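Q: Listed below are the residues making up each chain.
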Amino acid sequence: MNYHPVEILLVEDSKSDAEMTLRTLKRRGIANNVEWLRDGVQAIEYLFRTGPYKARTNGYPKLVLLDLKMPKLDGLGVLKQMKSQSETRKIPVVMMTSSSEESDLVASYELGVNSFIVKPVEFDAFAETVAQVGMYWMIANQAPS
Amino acid sequence: MTDRPDDGQSIRLKRLSASCAVITVGVGALVLVRWSVSHASLTDFIPGFVAMNPMTAILFILLGLSLLCGLRSGSPWRTRQVKTLAGTVITIAIIKLAEVALGWQTGVDTWLFSSQLMGGSDSLPNRMAPNTALSMLLLGLGLLFLDRTTLHGHRPSEYLAASAGFISLLALIGYVYEIGFMVGFVGFIPMALESSITFITVVIGLFSARPHEGWMGTLTGTGPGGAMARLMLPGLVFLVIALRWLRYEGEQRGLIDSGFGVALYTLTIITLGTILTLRAAHSLNRAAAQQMQLEHEQIRTITDLKKSEERVRSIINTAYDAFISIDTNGLVIDWNGSAEKMFGWTRNETVGQSVSDLIVPPQHRAAHDEGVRRDAHPKNASGNLLNRRVELTALRRDGGEFPIQMTIWPIGAGPSRTYNAFIADITERVEAEKRIHLLHSDLISNAMKLEHSNKELEAFSYSVSHDLRAPLRHIDGYARMLQEDAADKLDGETRRYLDEISAAARRMGVLIDDLLALSRLGRTALQCTDVDMRVLIQDVLKETSESIQGTFTIGELPTAQADPVLLKQVWANLISNAVKYSSPRGAAAKIEVCGEQDASCVRYRIRDNGVGFDMQYADKLFGVFQRLHSDDEFDGTGVGLAIVKRILTRQGGTISAIGETGVGATFTFTLPRTGRTTFEAEDAEGTQ
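If you read the protein sequences in the order shown, they are chains R and E. Per the numbering used here, the first sequence starts with residue 4, numbered consecutively. Per the numbering used here, the second sequence starts with residue 884, numbered consecutively.
Source of the hints: derived by calculation from the structure; they are not laboratory data. These numbers were taken from a predicted model, which means no experiment stands behind them. Note that CB positions come from ideal geometry on N, CA and C, so glycine has one too. Honestly, I wouldn't trust all of these hints.
Pairwise CB distance ranges (calculated) [claimed, not checked]: (1) A134/R <-> D1374/E: 21 to 31 Å; (2) F1517/E <-> S103/R: 19 to 29 Å; (3) G80/R <-> A1370/E: 39 to 49 Å; (4) K29/R <-> M1331/E: 49 to 59 Å; (5) D1415/E <-> S103/R: 26 to 36 Å; (6) S103/R <-> I1319/E: 40 to 50 Å.
In silico lysine-lysine, DSBU-like type, Cα no more than 30 Å apart, as pairs [claimed, not checked]: (7) K1372/E <-> K72/R; (8) K18/R <-> K1372/E; (9) K1338/E <-> K72/R; (10) K29/R <-> K1372/E; (11) K1372/E <-> K1338/E.
Given these sequences and hints, build the entire structure.
A: Here's what the structure looks like:
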């Protein structure tokens, strides 16, 4: 098992998006330990150590990158559960979506999202955005210990 | 004419008449009794005066009985009795008179108590006096003709009774004034004193028997004549008798001499007679004046009434609504011209007919009749249809039914109560209401459809933005990653292919973004305020990424009433186009913005001296994805002007363009002066 503390939890149903995100984070040297999960249900099981992640011991991630539109449980559902539990409430959550739908934006902020990002279509812009988010939350931002 | 309802006066007079009859019978009977029990010397009623003949007494009894029978007319039996009794009196009187005139000696008046009648040698035998017989004849005839009236309205019985009264009064006055010749014919026995009094009694009885007819009718009448007669007659009679007595007494006692007596008597009669006449004339005049005034008032009242009636009738007849009036039996009393037109029945056909048979549809007739019957009954409260506006169905003559609005109000109570109604034909209104209802439900269903399609559109755009953008990102992403990872293995041509892939993906992304922007325009609510166009344009110029090489002139710009955010988008797109298409001119490029306003709208114009366009494609300018230039010449998705048009249409504005290839283009848009928003339908049209 992996005993290294997880730095970033990426919840993304699109394999391509996940690959592009992971590549950017690693290439820019922002995070090496990134856990990638494919949907919201897995994310909840991981965070609250249930199901296949019951025996997990590597603590909580420093940042959660959450896709909005996902099968089973979407980003808003995951966000809601995270922000309603004391042990996960303090983890910064960045919502990443393909388009800026006003209603999604409002719902996310009402649930306590820490940041809301629209993924650009151009890869360069996309990579730059992911890098900035990672740099900011992992390095610039001061989180409670 | 005889049996009018008896009032108090006529009852009293009839009683007087009956009393007179009884007294007459009584006197006659008394005289007969006296004759039968007394010696001749005692037959003098009053010493020194002649006594009443027994036959005269019998005739008085007959007269009295005849009068009693004649008091109430009408019964044939009584009429026969009157005729029999009066006839007997007349027969005997005629026999007596004939005896006197022709010198016969029938001795009709000496049949009874003949021995006693012959009397002493110093006096005339006690026979019936000729004037007594004449009076008997006259009164007998009077009774016989009691209810006879001539063609000219005279009653013979009155003349007869008056004549008899005159004769007997003459005798009575003769006794009073002690004038012998007045009491009887010379050489004949005079009328007995009691006879003369009894005759007067019969005369009074005869007049009183018919209190409301002839002279008596005049005397008892309520008119001014009756009043005058009642006033003058007793005065005149009393006056003459009293004065004559005073003069007689005065002369007898030597207080005045005969010549002076006559003069005084005459003068006093003239004076008092004049006073009486003047009084009567005054009261007659007053009564006549009152009568005249009453008549005037009556005429005025009747005239006023007629005028008022005419006014009401003309109002009813010219009323636009139908007017119908019915009685408590539901029968038509009134039916105006509008009612004739509305129901097809004329007034003459309807008056007196049952209104429910005429205009109430058969299925409602029972309820209508029951309503009228219940309300007409005094114990019931007013029907629930009265005094308020009701809507019902009515029947026309041709059998067609139609909706009416009507108000019924009752007038009066009891059998004279009427129900009056103004009725309006509301067919058109009801039809209009039906149409409105239909349109309304259509509108609701359309609105629901629209809302449904809006929801679908929203869902569509949501999935477009998510699901279409992701693959584009991946295309671009992998192309870039390939370029990064295999940079050294790729030649220039291969790298260009990868660049083309990326460019195509990005372009698609921009198209999707523009399309979404266009679809969102219809969904955001308008926030209209006064917009300073100069400030708005300067903002746009500051934010624009393109550099303007030529000159940009801002002229006069009126304030607009519009949504500033959307209007900024309009200017941004128009300015961007002008800059883009005039860029080939370099420093010579000229862009000009100006505006003006008129009564209904504000108008803005942006002119450039760029590449322009061919006017035959002008209608394509504002279509979605419609372009007049290739991407190679000018960048663009063909959505910008569609967005502009949509924004303006939504705010009640318009846009048009004129251009010439190689010369330039001018775009002109208008906005209404009051911030009006158009309907969604117009909006939807704008997107086509």
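Q: Now tell me, hint by hint, if it's right for this structure.
A: Consistency of the hints with the structure:
1. Judged by the Cβ atoms, the range 21 to 31 Å given for A134/R and D1374/E holds: they are separated by roughly 30 Å.
2. Between F1517/E and S103/R the Cβ separation comes to about 28 Å, which falls inside the hinted range of 19 to 29 Å.
3. Checked against the hint of 39 to 49 Å, the pair G80/R and A1370/E passes, with Cβ atoms roughly 42 Å apart.
4. Hint check: K29/R to M1331/E, Cβ distance near 53 Å, so the stated range 49 to 59 Å holds.
5. Restraint check, D1415/E to S103/R: a C-beta distance of roughly 29 Å satisfies the suggested window 26 to 36 Å.
6. Between S103/R and I1319/E the beta carbon distance is about 44 Å. The supplied range of 40 to 50 Å therefore holds.
7. With a C-alpha separation of about 37 Å, the suggested pair K1372/E and K72/R falls outside the 30 Å cut-off, and the hint is violated.
8. At most 30 Å may separate the alpha-carbon atoms for a hinted pair to count; K18/R and K1372/E meet this at roughly 26 Å.
9. Of the pairs offered as hints, the one joining K1338/E and K72/R holds, with about 19 Å between alpha carbons and a cut-off of 30 Å not exceeded.
10. The hinted pair formed by K29/R and K1372/E meets the criterion: a straight-line CA distance of about 23 Å does not exceed 30 Å.
11. About 50 Å separates the Cα atoms of K1372/E and K1338/E, which puts this hinted pair outside 30 Å; it is violated.
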